[in-house]
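Chains as they are written, first to last, in the working numbering: chain A, 1 to 535; chain B, 1001 to 1326.
Hints are computed from structural coordinates only; laboratory data are not their basis. These figures come from a predicted structure and were not determined experimentally. Watch out, some of these pointers could steer you wrong.
Cross-link-like lysine to any residue pairs, in silico, SDA-like; alpha carbons within 20 Å at most [claimed, not checked]:
| # | chain 1 | residue 1 | chain 2 | residue 2 |
| --- | --- | --- | --- | --- |
| 1 | A | K133 | A | N123 |
| 2 | A | K184 | A | K133 |
| 3 | A | K415 | B | S1085 |
| 4 | A | K184 | B | S1085 |
Example chain B residues on the side facing chain A (calculated, C-beta under 7 Å, incomplete) [unchecked claim]:
| # | residue |
| --- | --- |
| 5 | I1038 |
| 6 | I1109 |
| 7 | T1169 |
For each residue, glycine too, the CB sits at the ideal point set by N, CA and C.
Residues per chain are reported as follows:
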Amino acid sequence: MRFPAFRHAFSACAVVAALSVSLIPAIAAAQELKIAVAADITSMDPHFFNLFPNNNAAEHIFDKLVQMDADSKMIPGLATSWKVIDPTTWEFKLRKGVKFTDGSELTAEDVAFSIDRVPNVPNSPGPFSAYTKAIVSKQIVDPYTIRFKYAAPYPLAPNDLSTIYIVSKKVAANATTEDFNSGKAAIGSGRYKLAKYTSGDRVELVRNDTYWGDKSPWEKVTFKIIKNEPARVAALLSGDVDAIEQPPTADLSRIKGDPKFTVSSKISHRVIYFNFDHLDRSSPFITDKAGKPLAKNPLLDVRVRRAISKAINRQAIVDRVMEGQAIPSGQLVSEKLFGNVPGLKADAYDVEGAKKLLAEAGYPDGFNITIHGPAGRYVNDEKIVQAVAQMLSRVGITAKVETAPMAPYSARAAKQEFSLHMVGWGASTGEASSPLRSLLATFNREKGLGAVNWGRYSNVKVDYLIEQALQQVDDENRRTMLQNATKLAMEDLGIMPVHFQFTIWATKKNVTYTPRTDEYTLAFQFKPVGGAPKP
Amino acid sequence: MLVFIIRRSLQSIVVLLAMSVLVFVGVYAVGNPIDILISPQADQQDRERAIAALGLDKPLWAQYWSFLSGVAHGDLGRSFVHSTSALGLILERMPATMELALSAMVIAIVLGIPLGLWAGLRPNGIAGRSIMAGSILGFSLPTFWVGLMLIMVFSVMLGWLPSNGRGETTLLFGVIPVSFLTVDGLKHLVMPATNLALFNLALLIRLTRAGAHEALLQDYVKFARAKGLTNKRVIGVHVLRNILIPIVTVIGLQFGTLIGFAIVTESVFAWPGMGKLLIDSIGVLDRPVIVAYLLVIVTVFIVINLLVDVLYSVLDPRIRLSDVKG
Chain A
1 MRFPAFRHAF
11 SACAVVAALS
21 VSLIPAIAAA
31 QELKIAVAAD
41 ITSMDPHFFN
51 LFPNNNAAEH
61 IFDKLVQMDA
71 DSKMIPGLAT
81 SWKVIDPTTW
91 EFKLRKGVKF
101 TDGSELTAED
111 VAFSIDRVPN
121 VPNSPGPFSA
131 YTKAIVSKQI
141 VDPYTIRFKY
151 AAPYPLAPND
161 LSTIYIVSKK
171 VAANATTEDF
181 NSGKAAIGSG
191 RYKLAKYTSG
201 DRVELVRNDT
211 YWGDKSPWEK
221 VTFKIIKNEP
231 ARVAALLSGD
241 VDAIEQPPTA
251 DLSRIKGDPK
261 FTVSSKISHR
271 VIYFNFDHLD
281 RSSPFITDKA
291 GKPLAKNPLL
301 DVRVRRAISK
311 AINRQAIVDR
321 VMEGQAIPSG
331 QLVSEKLFGN
341 VPGLKADAYD
351 VEGAKKLLAE
361 AGYPDGFNIT
371 IHGPAGRYVN
381 DEKIVQAVAQ
391 MLSRVGITAK
401 VETAPMAPYS
411 ARAAKQEFSL
421 HMVGWGASTG
431 EASSPLRSLL
441 ATFNREKGLG
451 AVNWGRYSNV
461 KVDYLIEQAL
471 QQVDDENRRT
481 MLQNATKLAM
491 EDLGIMPVHF
501 QFTIWATKKN
511 VTYTPRTDEY
521 TLAFQFKPVG
531 GAPKP
Chain B
1001 MLVFIIRRSL
1011 QSIVVLLAMS
1021 VLVFVGVYAV
1031 GNPIDILISP
1041 QADQQDRERA
1051 IAALGLDKPL
1061 WAQYWSFLSG
1071 VAHGDLGRSF
1081 VHSTSALGLI
1091 LERMPATMEL
1101 ALSAMVIAIV
1111 LGIPLGLWAG
1121 LRPNGIAGRS
1131 IMAGSILGFS
1141 LPTFWVGLML
1151 IMVFSVMLGW
1161 LPSNGRGETT
1171 LLFGVIPVSF
1181 LTVDGLKHLV
1191 MPATNLALFN
1201 LALLIRLTRA
1211 GAHEALLQDY
1221 VKFARAKGLT
1231 NKRVIGVHVL
1241 RNILIPIVTV
1251 IGLQFGTLIG
1261 FAIVTESVFA
1271 WPGMGKLLID
1281 SIGVLDRPVI
1291 VAYLLVIVTV
1301 FIVINLLVDV
1311 LYSVLDPRIR
1321 LSDVKG
């Protein structure tokens, strides 16, 4: 009697085995997510190069003390809480029981080591040191508590630390950037483990099943680098990938019209704006109507700046050039971000008002100007500059357009070689302090202010408010100061915002994405629709 | 032969030096890569530090000198954005580009010479005329457009072939990763290789046709026929061998161009080759990689030309290598 029973059990096992053999590949395929990204990922070392695509990859492998949610609000990461001990000291409590993927436990030692490593990565073309250098000293209170000491009251400590990836001291102590690229040292505590990194081609990740938080629905994730826009769209249309970032706006109607795909978008932290030449000189690209240089720079007169702002039909740019994928802007950060001024709107489109202001300022017939812009850096950048030039011509300012790739363009802009030029700024710390200190504070090397103030705008009142805000630890007070600084600078048109661009993702119908303000394309924020996706 | 090769090598070094100076000065003139590399949030002092860390604060001649002394030790510099050896990066991507270019060349030769011969032998037949008409398309359609159309038709509409990337690779001779030995690899390779081959296919068709057309009227062909040789032998040996010299020259020259022009095909098909690396590097002014890439390409051209010259003497014993000037 026992023998046949055993035989039955055995055959049942065989059936189960056969089934599982046939099922495993199907399940594996179902839990794999392929995403085409738009820019090259240059390294797997999370401290080597503060570059958007590199950080985007690092977000999967490494954790930070403070993370950002989809609206760029700070949420607990490896730190469960943080508080000010005294105005110059911050204390961070670490999450207990967090394991690196090599099995070792995360402690305050790893945090201190990561912060020490940041400024010391050799040959870094863009270090993260801007976010760590304010830290004067570190104190490890116990394995789960760390304190950071600053030279002056420093409200931005959590914002700064929301950019620093925590690596394992044991693994990374003697590791080079190459060791991270090869995967040897790329050991983090994040949702994913690095399986393979091929520079210029792809990054393959596998799920970290010991992750401390919500697990990602995807067991395997591949980021394919496809910079060419039509090729990226084709990869989605042909089904080679499940999702793409930054589909060109011109293709959106085609993708939206196809029931097999979904488009999701969200207002980004990036503002597209124009810099005015604020230097007291004969501005390099402004002439009178006859083509002779003007001795005085007309842009020094706020009425002229206002006239230019009024001449621009921002809604038309949003509707026509951006195909609806932007929102007109009269300030530095969008609604959900810290320091946004509720109700502060851009100048309304008003041709007559603009002409009147120009006449009052002594330019009833306008003048000639060449506007500069980058090519291929921001969404539809060249087209925006062309649209602005045409709009200016309607109020009598005859505008020509010159665009160039970002590399030579930014080099010239930083040397004040332009009169009116377009740039974009992402408030990556999620605060208005980021654009205020870099774009509108007076250029000052010693204080580290106004580093990207390419127009050289300078207003002592704005400077005062910014410097106060940067030392104000109380959030509500700081918010008010940032709002006041923004109002002043916008009244004065230190720079001229045009719009906040949207970040766009396109996915197959059976996958959804929770779009993010910070523009990141995070695999774990893609969710299968209706349970397991079909392969 | 040996003297010829030595003289060629010496000339090549001069070419390479001149090339490196031009590129170095050119990229230097475009601007400072730190402006676009560094995070916008960095302040003035961070920028200066990053510039110094990459040695970009030194005068141009000093930067060039340290580059040259690196080259003397076999080091072409370190990529700014990858922090790995520039030459290493290029060599890592080279097999992919070589595979693509060689596949394209094979397609062009295998199809181009027979089709050209056919059109040359029967210039007035329907097939001959169609081949010639088709070759005009091959010449005139821009590569990126044809590439996108191929993707539209074969990937998006028919779903037969993957739209981008390189397939599964296996190691050839245990060192070179190649993808043409796996089914997945071949599927990925077919479209980009065809796309890259089109221009050369058209070129070879026209060249072979013109050569064949002309050779058929020559006395030696009439004589061979009068001797009673079979048509197969007349065409396959006498005609073909005599029209091969210009074809080999063009194949040689075009092979270099293929590697260079692979850039367009590589971007359209997201093929992880050297061309894509170059485009990415130019975008961020990664000078070590740009310089190293161009030096490698120039070297490839030089080697190909040398091989072509050697091939001449094999094909036509009347040609002596010492007579061929570089």
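Go through the hint on T1169/B and say holds or violated, using the shortest Cβ distance to chain A against 7 Å.
-> 10 Å, violated
For the hint on I1038/B, does the least C-beta distance to chain A fall short of 7 Å?
-> 4 Å, holds
Decide if the proposed pair is consistent with the structure: K184/A and S1085/B, CA atoms, cutoff 20 Å inclusive.
-> 18 Å, holds
Has the given pair, K133/A with N123/A, been kept, meaning a C-alpha gap of at most 20 Å?
-> 18 Å, holds
Holds or violated: are the alpha carbons of K184/A and K133/A at most 20 Å from each other?
-> Since the Cα atoms of K184/A and K133/A sit roughly 28 Å apart, the hinted pair is violated (cutoff 20 Å).
Taken at face value, is the distance from the CA of S1085/B to the CA of K415/A at most 20 Å?
-> 32 Å, violated
I1109/B as an interface hint toward chain A, with CB separation required under 7 Å | Check failed: Cβ of I1109/B comes no nearer than 28 Å to chain A, outside 7 Å.
Of the numbered hints listed earlier, those contradicted by the structure are 2, 3, 6 and 7.
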